[in-house]
Structures are given as structure tokens and as C-alpha cells.
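Colleague: The primary structure of each chain is shown beneath.
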Amino acid sequence: MLGLNGKDFRLFLIVCVMALAAPILLNPFPVDGALAQFNAGYPALMQAFAIFGILAIGFNILFGLTGYLSFGHAAFLGAGSYAAVWMYKLFNYNVIFAIPASIIVAGLLSVLIGYVSLRRSGIYFSILTLAFAQMMYAIAYSDLLGRFFGTPITNGETGLQVYNSDPQFLLAEGGLAEPHLFTLNLNNLTKIQFGGWEFTFEVGYYLCAIFLILSFYLSIRIFRSPFGMMLRAVKSNQNRMNYTGLDSKPYMLAAFVISGLYAGLAGGLMAAMDPLTGGERMFWTASGEIVLMSILGGAGTLIGPVLGAGAIKYMEKIVSALNDNILHGWFAWMPDGMENVAVAILHPFVGKGWHLTLGSVFMLVVIFLPGGIVEGGQRIGRLFGRKGATQTPTDATTTPAE
Amino acid sequence: MGILEVKGVNKRFGGLQALGDVNLSVEEGTVHAIIGPNGAGKSTLLNVLVGKLIPDSGSVMFDGQSVLGRKPFEINQMGISRVFQTPEIFADLTVMENIMIPCFAKRDGAFRMHAIESVGHEKGIIEQAEQMLADVNMLEKHEMVASSLSRGDKRRLEMAMCLVQDPKLLLLDEPTAGMARADTENTINLLKEIRTQRGITMAIIEHDMNVVFSLAERITVLAQGTPLVEDVPEKIKGHPKVREAYLGEAQV
Amino acid sequence: MDAIIIQILNGLDKGSAYALIALGLTLIFGTLGVVNFAHGALFLVGAFVAVTTQRLLKISYEVVDESKKDFLGNPLVVDTPYVHGWFGQATGDAIIDWAVPLSIILAIPVMLFIGFAMERGLIKHFYKRPHADQILVTFGLAIVIGEIVKAFYGANPIQTPAPSALRSTVDFGVWLGYEPNSILYPAWRLVYFFFSAIVIAAVFAFLQFTTFGMVVRAGMADRETVGLLGINIDKRFTIMFGIAAAVAGLAGVMYTPILSPHYNIGMDFLVLSFVVVVVGGMGSLPGAVLAGFMLGILQSFASMNEVKAIIPGIDQIIIYLIAIIVLLTRPRGLMGRKGVMED
Chain H
1 MLGLNGKDFR LFLIVCVMAL AAPILLNPFP VDGALAQFNA GYPALMQAFA
51 IFGILAIGFN ILFGLTGYLS FGHAAFLGAG SYAAVWMYKL FNYNVIFAIP
101 ASIIVAGLLS VLIGYVSLRR SGIYFSILTL AFAQMMYAIA YSDLLGRFFG
151 TPITNGETGL QVYNSDPQFL LAEGGLAEPH LFTLNLNNLT KIQFGGWEFT
201 FEVGYYLCAI FLILSFYLSI RIFRSPFGMM LRAVKSNQNR MNYTGLDSKP
251 YMLAAFVISG LYAGLAGGLM AAMDPLTGGE RMFWTASGEI VLMSILGGAG
301 TLIGPVLGAG AIKYMEKIVS ALNDNILHGW FAWMPDGMEN VAVAILHPFV
351 GKGWHLTLGS VFMLVVIFLP GGIVEGGQRI GRLFGRKGAT QTPTDATTTP
401 AE
Chain P
1 MGILEVKGVN KRFGGLQALG DVNLSVEEGT VHAIIGPNGA GKSTLLNVLV
51 GKLIPDSGSV MFDGQSVLGR KPFEINQMGI SRVFQTPEIF ADLTVMENIM
101 IPCFAKRDGA FRMHAIESVG HEKGIIEQAE QMLADVNMLE KHEMVASSLS
151 RGDKRRLEMA MCLVQDPKLL LLDEPTAGMA RADTENTINL LKEIRTQRGI
201 TMAIIEHDMN VVFSLAERIT VLAQGTPLVE DVPEKIKGHP KVREAYLGEA
251 QV
Chain F
1 MDAIIIQILN GLDKGSAYAL IALGLTLIFG TLGVVNFAHG ALFLVGAFVA
51 VTTQRLLKIS YEVVDESKKD FLGNPLVVDT PYVHGWFGQA TGDAIIDWAV
101 PLSIILAIPV MLFIGFAMER GLIKHFYKRP HADQILVTFG LAIVIGEIVK
151 AFYGANPIQT PAPSALRSTV DFGVWLGYEP NSILYPAWRL VYFFFSAIVI
201 AAVFAFLQFT TFGMVVRAGM ADRETVGLLG INIDKRFTIM FGIAAAVAGL
251 AGVMYTPILS PHYNIGMDFL VLSFVVVVVG GMGSLPGAVL AGFMLGILQS
301 FASMNEVKAI IPGIDQIIIY LIAIIVLLTR PRGLMGRKGV MED
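Chains as they are written, first to last, in my numbering: chain H, 1 to 402; chain P, 1 to 252; chain F, 1 to 343.
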């Protein structure tokens, strides 16, 4: 089906259903219930799932397949966002201009950075990409381009947004002043009440979801293609690859640019959801976050990065919303002394301490579960003696890609 | 005129003359061995042949074209495949994938952006790879991850990866180095099989006399970076100069 | 000319910090083959050892001073640091005043301990794993350490002043025969530079003149052979890790008066120090030191107004630009050795 084998097609269907039904699936708890805080089915969070999912899928084509660890992918994300906002400023708020522009700009930038960075490998490659991204950040954050051209390009610390004085050549009189797709406002939403439940369907989210599905489909095709096999060959043994008559350079550059295009798309979508952007989107911690998502989910697997992106964005929302009162509520069943100790231990990890949780979880995953969530799922599957336990070596080719 | 012609190649490393005026001709359809004591310049010569080193002077022609200054992948695309001392394979990939990659390289060249096609739909390549695996008796292992193969099978796989490209010249760099006796025998037999079935031209850089004399049709003896003699094995065995320079008194 | 001297001087303190961190990174990379993304966190820990020391020294008890009255006429309660009680007022104040240099005494054992614990507890298990895994786990650790510091000390920069005697400026110009007040330089920065020079010299002397150092250097050149000689190289490498941690920590301690520490300085310095290591040449100790000072001084020159007028914002990107140029033209860095991280 669609050029996929049975197993991949099933996986693709699952992702389609999850993406399209997310507003329902992610709101399993009634609005007034005690567990409503664990709902994730509101637009901003679902958008983040989809956008970071796209970002991580793209990163995974580079890191998961070739093993080249880029620490500078946020540069493409930021470039995509800037390009999108510039399209708003020049033409109008229709994302039909913004999103292609963000993909193209990120693509061009990734050709440039990739061409230079890929002349080195291993740790040098990581540091080169990091240096490039930091340079892009400095350029964006102090608007160096603007100083050359005499007009703000990235608008420095303030960030880039649309002003009334902007040309907006294609903006009709009284036209929509929010991102839209052929006048379909991306902020439009419909709420449906169903018993105690409430589900929100937003146009913007569905735009992201469709791009997520397309991105995921493309990534399956790439994983299963001869090109994908060549990328895994790069990771496995570059020496043998060269002596087999294959030029690893263009393969690497192609992988790098593809992941840059994905990041550009994600950046464009970010600007489509919220039509402004700033330099901090390019800071190296943002690049680190992309790396964390892929690893946490399971680098080199198809679904892993999507899961990783979802897990991190969800944890971020839940953990940052926790506070001592909620913790006390959780541990109320304990004797008072123990309750206080438990809360005191967890206190640094919640609320503003979300990054501590993230760092700790990440370390634990790298140490004990290098395959991430996907490997964890497989181990649990095997533990319960499902099909996993009887898996024969014939599965060896397919399992890493699940 | 041989398929591989090395003419007047010199290479110095600082004060050391690694190769001095090397002339060598490998005839099409023969197995040509290059032997010599440690430090005779065998590895340097090999590195020149595969494009890793550029000699200070001289020429290396393969099939009428110069190989000098070309990258390893270009030299492979010209028709030279190489077997390494320790098998270089794609350890994380399956046996089948290991064989398919050289098939793609042969068919599509050094780079092709075939990112949307599915590997599973490449019937021609799959058949070709399966045929090759059957030829080296590894078909039943095609789904195994290459790193889990035995040492002997890894060597066999690497040979198969080279052979499936149907090279004009197969370069072997001490293919039995560090092997146990039984493995060495197996490798010799495998190479003999390849020789009789496919008639592939081979150049072997080797240390082990056993291997050399049971395979080679012509032998070049290298000493201190210069070819000492070149002849058929029978003549080399008894050659006084060779005894003196390389074999010593005890070994033959 | 004096403008050039000022810029060189301004670059020295940053350069010293880069050099010290890069030195430790290189030691760890050269001996253990580990790419330590948590090294900036060690600098951070050092800085906060200074903060902690200062706070510890200021711990006070309350004394009721009958001679002073508050506005209601009650006797005034005065906070008195314990050090006053122990050493008398004058000496006590001096001790508090000199808290930053004094914290070195505390920092050395603390940093050595953290270094040992980190190597034995975590890094050891990553020797055989790919460099990407080492980067990732130490990156995670760096986040964790930074966040722990934030949990205890908050996110805002904490003022940690230098001893009052060293808060003045040195009139450098007079020494060099210029007009008075033409080249003024903060005394503490000069102290920092000399301190770094001493630490760097000590590390080099240690490696050069002790048997221990000789074995470590041999190990850096060829680990396997040294291992074959029956020398327990692992134990020495653990100690080296501790020393590298201590060097980074001391760099952090002494830097606090120059830059008020906050939980993120580790990361800020780490990224730049990595660039320094790469420019200097992975595995080359002199390269790390040289590149550290060079980049510090270059950065300082790039921030001159005359330069910025020609190329706006060059100060922000000069280091990265240089790193990219060096890596592309001299792939091994300025003083890198063949065979180190070639692939």
C-alpha cells in the first residue's frame, strides 16, 4: 500500500489515526475531573507535538541513519521561522507563501553549513555544526545582517514580527491579519462537548498534523530506499563504502540537507501558529533539545523521534505545572513526616525545575536504555512473552526500524 | 600490455625510500602475487594502487587510464575491488544488505538520489545478490547481521561483496593474515574456486608462502622498495637472489 | 600602541579562563579518550564553591549590643559572623574580604572528589561506547549539574567581589613608560592571569617532571602499549580526571569577581572552550593553552569600536569564524597530532 510493506503501512496508519484523532485521544479525562490536568488535547500542546515531531523525524534521518551528531539543527529551525515571518511582511499572511519559503531558506542554509561541516566527521562535525549554529544565533540576535543592509532583517533581541508599516503587497483591503491558508484562519477552532468531555479541533493543529503525516510517510520511504541503506552504510563502515565505489560525501550532504528541510518546515509551522520569531529559537540549547528528543524516543527507528518529541513536550507541560501543593495531594496517604520528605525530594524536579527532570531522564536513558522508548517498549513486550519473545533473527532487519 | 601497469614509481617518506623505481605489470586473467619481507614496501605499493598515496614520480595505469590522484571510490568504479587484511564489511547491516550495496554501486555509480524507491522493489538487484550468496554458500545466512558472522564467513562475505561487482581486478591485501590453518586452507580454496569459475584477474599482496605458491601464476618479489625478480612460482622458489633477500635459509 | 596593549590585556582574563578549561578538556580527551560536555559544569561548580565559601564565612550569630539602641530605645541586635568571634573583628573581616582566594583551599579537595566520583561513577562506563554517547551522557550531566545549582542558588547572578585590596586598577601605562592613566587595568584580572599562568605551569611541570606525569604522557601517546607494560593506567587516568576537574574548578573560583556566577556560565564557557580545543588541536596541551589565549585576545580586538565600525558584530562571531577557518584549512587544529581523532 502506498509503496510500503505491510508492517510499515500498519505503522503509518497508526500514526495517521493518532495525528488526526489527537484532539480526542489526548483528552481522555473529563474537563472537571481531578485528572484533567493530564489532558494534552489542547491546540498549543498538540501543535508542539506535531512540529517537534517533524523536527525530530528530520534530525533522525541524519543522526539515526548516518550517526553524524549535529549540534546545530536549531539554526535551520530559526532560519525557517524568519523566512516565514518575512513572507508575512512582504506579501500577506497566507502560509502558502510562508511555508515553502521557510523550507527553501533552511534548505539553502543547510547546503552551505552541511558542505563545510561535512568535510570533517565525528566529534569535529558536532563541534563545527555547534559553532555554525552559535554563529547564526549571534547573527540573528544582534541583527548583524540588518546592520549590513541598513534595515532590520532579524530585528535583534526584539524579535521579528509584522508591523503596520510593512509592505504586505498582497494584503487586500481589510484582509485577514492572522496566518491563514487561502483565508482559512489557522486560529479557527471548534469545541465539541460530549458528556463531561470537551474536544477542541483547531485548523492550525490540523495543518501541522497533515505535515507531520507527510513527513512521516516520506521518512518511511527514505528509510526503506537504497538511499537510506547507503546512509546506514555510512554509519557502519565508511571505509568499505568508499572502496565499494560509493562517494559518501554527496550521500551525507543529501541527508544533512533533507534534515535541514524538515527543520525549516518545522520553523515555518511555528511561525504559522504564532507569527513572530526571535533569535533564541536558534540557541544551542534548542539544538540540544532536538537531540534529546531523538535519543529519548529511539534514534534510528521510524517512530522513535515522534514519541520522543511527544514525551518531552508532554512532560514539560505536566512537570512544569506541578507544585508542592499538588505533590502534597499525591502523597497525602503517607504519614506526615514521610510525606514531607517525599515532597522535599521531588520539589527541585517540578515546576521551574523541569530541566532537572529532563536532564536526569536523559542521562538515565543514555546509560540504561540507549535505544530509547522504542527499545523500552520492545523489552517490555518481550517480558510479557508476546510475539517479541519468539522473534527470530529474520526480524533483525525490520526491528531497528520500528 | 597488462591490465595494470606500474611504471617507474618512486615514493619517499622523509629520508626513507619506500618505493624505488617500481615496475610491475599484471596481465589480464592471471593471479599475480607481490611478496617481500616486512618493510619491503608492499603496503606502500598497495596504497598507491588504490589511490590512498600519490607517488613522487612514475605512473600507474589501469585499463588504459591513470589511477593517480583518483579517490578510492573512483578507482573502484574503474573496476578494481579490494579485499582487506581484516575483513571490512558493513557490520551493523544484514548479510543481504552487505551484498546489495556493491550491486547498487555497480549499477547506479558513485552517487544516486534514489530516496523514494523501495529496496524491496529492486528485483534485479535482489536476484543478483541472492545468486552471489548462493555461490559462496551463504544464502541461508542472508538475514543475519554481519557482525554476528564467524571470522571465516566475514572473509567470505567480503570476497562476495567484491565479486558481485564483477571487477576487472581483485586486489587482495594479505587475505589470510592472522588466520588459523584451517581458515587459511578455506580461503585458499575459495580463491581457487573464484579463479577457476570466474577467471578474475587478481593481485595478491601476501606474506604467507603457502598461499602464494598455491595460488599465484606470477610472482614479483619486492625488497627494499624495489622489485627484485618477477617470474613464475617454480622459478621463484629456487631463485638464489630471492632466498638471500627474503626467504632466508630455513623457510623453504 | 597603548590601545593595542589595552586590548591584549582585556583578552588575557577571558583567554586564561578558556585556556584553563581547554587544558582540562584536552587532558581528559587525551588520556581517557572521552569528550566531556560536562566540563563547563565543573567550572560552574568551582564558581559556586567560591559563593558557598563566602556565605559560610558570613554565617553569623546574634549579639545584643547594649551600647547601641534602636529607635524604640531597645538594645540593638547585631549579626556577628562566627569568624569575628574566633579570630577577632579585624582578622575576621579580612578573612571574609579574602573569601574568594581562600575558597581555593576548599575547592581543591571538593573538585578532586567530584572529578573522581564522576570518572568512577559515570565516565568509566562510557570508554567503549561511541563518542556520540559520551557527548550525550555528559551533556545530560551538564544540564543536571546546572539545574541543581539553580535549585540551590536561584537563577540570578550572585555578586562575589574580589578582596578590597585588589578591587582597584593597576596603572599599566606607567610601567611601560606611557602617560599615567593611559592604560588602566583591574588588579584582579591581573591576578587571574598570573594565577592561570601558575596553574598551567604547574600542570605542565607535573606532567613533565614526575614519573606519574611521564606515564600519563606516554599513555596519551599510545595507551595500549603503556597498558601492556603492566602499568595500571586506569588508576592514573582517574587521578588525571580529578586534576582536570580541579583545574576547571579553580578557573571557576577565581573568575567569580570578574563575572558574577549564575547557573548557566558553565554552558557559556563550555561551548567556547570546545572551540578552543578544536582550534588548538584535539589532544595537544600546548595547543589548548595557545588557542585559549589567542582566541581570548582576538575576541577582545574584535570588540574594539574601530573594528566593529568596519565589520559590525564581528566580536560575536569571531571565535566561531576562526574555528571554522582553522578546521577547514588545518583539520588537526593548530598543534594537533596525527592519529588523534582522525576519523
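Hint data in this document are derived by calculation from the structure and do not stem from the laboratory. Misleading hints may appear alongside valid ones.
As the list claims (entries may be wrong) - No more than 16 Å apart at the CA atoms, straight line, and that leaves these computed lysine to aspartate or glutamate pairs for EDC-like:
hint, chain 1, residue 1, chain 2, residue 2
1, H, K249, P, E74
2, P, K71, H, D247
3, P, K52, H, E157
4, P, K154, P, D166
5, P, K52, P, D173
Colleague: Taking 16 Å as the top limit, are the C-alpha atoms of H/K249 and P/E74 close enough?
Modeller: 13 Å, holds
Colleague: Are the Cα positions of P/K154 and P/D166 separated by 16 Å at most?
Modeller: With a Cα-Cα distance of about 19 Å, the restraint between P/K154 and P/D166 is violated, given a limit of 16 Å.
Colleague: Check the hint pairing P/K52 with P/D173 against an upper bound of 16 Å on the C-alpha distance.
Modeller: Holds. P/K52 to P/D173 sits at ~14 Å (cutoff 16 Å).
Colleague: For the pair supplied as a hint, P/K71 and H/D247, is the alpha-carbon distance within the 16 Å limit?
Modeller: Within the cut-off at roughly 9 Å; holds.
Colleague: Does the structure keep P/K52 and H/E157 at a Cα separation of 16 Å or less?
Modeller: 50 Å, violated
Hint compliance for this structure: hints 3, 4 are not met, and every other hint is.
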